[in-house]
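Input sequences plus hints: build the corresponding full structure.
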Amino acid sequence: MNASIQAFGRRLAPQALPLAILVIVAAFALSEPAFLTPGNLVGIVRQVAITGIMAIAMTFVIMTGGIDLSVGPVLALSGVVTWFSLDAGVPLPLALGVGLALGIAIGMVNGVIVAFAGLPPIIVTLAMLSVVRGSALILGGPDLHSIRGQEAYSFIGSGSVFGIPVSVLIFAAVAIAMVFVQRATPLGLRVAAIGENERAATLSGHRTRLTKLSLYAISGLGAAIAGIVQSSQVHTASATYGEFGTELDVIAAVVLGGTSLMGGNGSIARTVMGVMFLGVMNNGMNILNVPLDIQLIAKGAIIVLSLALGELKS
Amino acid sequence: MSEIESVGAHRRNFLKSLALGSAAVGAASAGLFTDVATGTIGVPAARAAGNIKMAFIQWQPHTVSSAWSKGIEEVLKTQQTVDYRLLDGQNKVEVQVSLMDTLINEGAAVIFLQPIDSVALAPSIAKAKRAGIAVLTLNIDATEPHAAHVEMNHYFGAMDIAKALGDKLGGKGEVAILNAPPGIIIRDQRTNGFVDGLKKHHPGIKIVADQSADWSRKKAQDVATTLLAANPNLGGFYGVNDSMALGAVDVAKTKGLIGKLVIFGNDGEKDALESIEKGELTGTQYTDVYQQGRFAAAAATVLASGLVPATAFKQQGKLLMPYTIATKETVASIQPAQRW
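Residue numbers (the working numbering), protein chains in the order written: chain E, 1 to 314; chain Z, 1 to 340.
Do not rely on the hints blindly, as some may be mistaken.
[Said to hold, decoys possible] Okay, derived cross-link-like pairs now, SDA-like style, lysine to any residue, Cα gap no bigger than 20 Å in a straight line:
id : chain 1 : residue 1 : chain 2 : residue 2
1  : Z       : 253       : E       : 38
2  : Z       : 206       : E       : 289
3  : Z       : 163       : Z       : 322
4  : Z       : 92        : E       : 126
5  : Z       : 270       : E       : 145
6  : Z       : 255       : E       : 168
7  : Z       : 253       : E       : 160
8  : Z       : 70        : Z       : 302
9  : Z       : 253       : E       : 150
10 : Z       : 255       : E       : 87
11 : Z       : 255       : E       : 162
12 : Z       : 127       : Z       : 101
13 : Z       : 77        : Z       : 52
14 : Z       : 260       : Z       : 235
15 : Z       : 253       : E       : 42
16 : E       : 299       : Z       : 182
17 : Z       : 92        : E       : 127
18 : Z       : 92        : Z       : 114
19 : Z       : 278       : E       : 151
20 : Z       : 278       : E       : 150
21 : Z       : 278       : E       : 147
22 : Z       : 270       : E       : 141
23 : Z       : 270       : E       : 148
24 : Z       : 270       : E       : 149
25 : Z       : 253       : E       : 87
26 : Z       : 253       : E       : 146
27 : Z       : 270       : E       : 147
28 : Z       : 253       : Z       : 327
29 : Z       : 255       : E       : 158
30 : Z       : 278       : E       : 36
31 : Z       : 255       : E       : 40
32 : Z       : 255       : E       : 36
33 : Z       : 270       : E       : 146
34 : Z       : 270       : E       : 87
35 : Z       : 92        : Z       : 163
Source of the hints: derived by calculation from the structure; they are not laboratory data.
Structural data, given as structure tokens:
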């Protein structure tokens, strides 16, 4: 009897996160019917899109035992650079290209230092956080730059197709593309190999350094996409966006999805679930008008509880 | 002054500015790897030996503090006898404390301060006071009494916002507050003023939700969307800053609720005034922050040139800034040069 309960628990443990999401969705829906309206559900996805894009892009980095703390300022800088380009009359595709390329370039610098100089990612990306924030401030100053008369650009953040916000579609596209990369390309395999045992991966002839470099580039690209979506959503670019704590939200979503900070385990699909979990929780607390102090306590408790369920297997 | 003396003075000043520079670097390196750039801008450092020194330690780079600094600099530059610079607190109490130490050691005459923490900066203010330095705080007061405090009229302004918002709603209905997280006094003053204002002028209006949107336009969009789903009869929003009110405007636009929702902000920044002119945002409390900087600088100049030491004050001076409740009817009175 006892053994069968344990077996049942072991089978259930990997599904702890989806189950936790179901439970809190049910709880919120029962307490406030408005929670389940299509408008609100789409709203939840829109609310997590920016953090979600960054979390998906950072999952591979964390799977290799690395981390990218520089995403907040990269988000700000890509918004500011894209704004300056648009303001200077550069056509939209090119302006977007400039913003995205900048994110990739910053990621590559992180990657080169981490992979080839062998410095700890936490230090490298912490330094990069400082450098990029400073650069953004030199470029944009402390001011808010309004984006006006750029209908096509505003469409990215505020437009919708068949009732679905474009930012949600971008989030979905990034998620699908990265799930594909993880499941069906050599890069996905190499990421897992490096995370499990980097030395073994190198000895097996994998080009681990190039792989790591490209993962940081992907993380930078994700932050740049997020920066463009955000500046378009709020019709403003500012060097102070992506404030301190942004990177923690992103990392929290990845870890909640079951990716180990030590590397190895991890999955893009589960990161998406981690993101949704946080989104549902924030939205539900707002819709029930829970006071902020209680919200903070409840969120912490729910997160630990659901992570603990996932650890039951051991 | 003879040739030799003047060379000597030059060298002294060069050394002085070198020391200043390295002190600034030291202060900056205390916060190495932090999130905000360091830097000093302002009237160039000491040239004439007789000049008095004043500096403004801001919280972190922001539209408001940079407008204050501009106003301060405008007044101080005219005096021809003051060297002024802007120092950045990098959103860190310990950086502000170390910048205070640097300025005290340098023998600054006046320190303008936007304290990150009213309590944590108190010992530094006491130390400055013992050295005779007049400290003027901007917007955020400190627990240690100092020369003067110049602040936006948060509480009474918010009461007037409540009155204007209630008038637009016809004295009844439901409103929601897009609030900031607790931690700074401004947030409480702006919230309490609004709540008390509604009680006084429009007791028929009910506050059905009060949620934090972290001062951010993006978060405010999310929270406003959610609150509208939960409260379909919502008649209006009050954002405790303009960014959050503009977030609610964004939502109203996509949902076709412009003109139906009454939305008020607080601050009076450029984008908010423009939105009012377009008939989207209903109104905001506008404060001329350049003027706030000028007022603070005027007080400082009078103190410094009158050789009034900080120890001469019986109690702390206080100045509340005049303000306008900007709505479609009044917004045109705010001149382009007053917008920030």
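Requested in this report: Starting from the hint list further up, note which numbers the structure goes against and sort them upward.
Outcome: Going through the list in order, the structure violates hints 10, 25, 30, 35 and respects the others.
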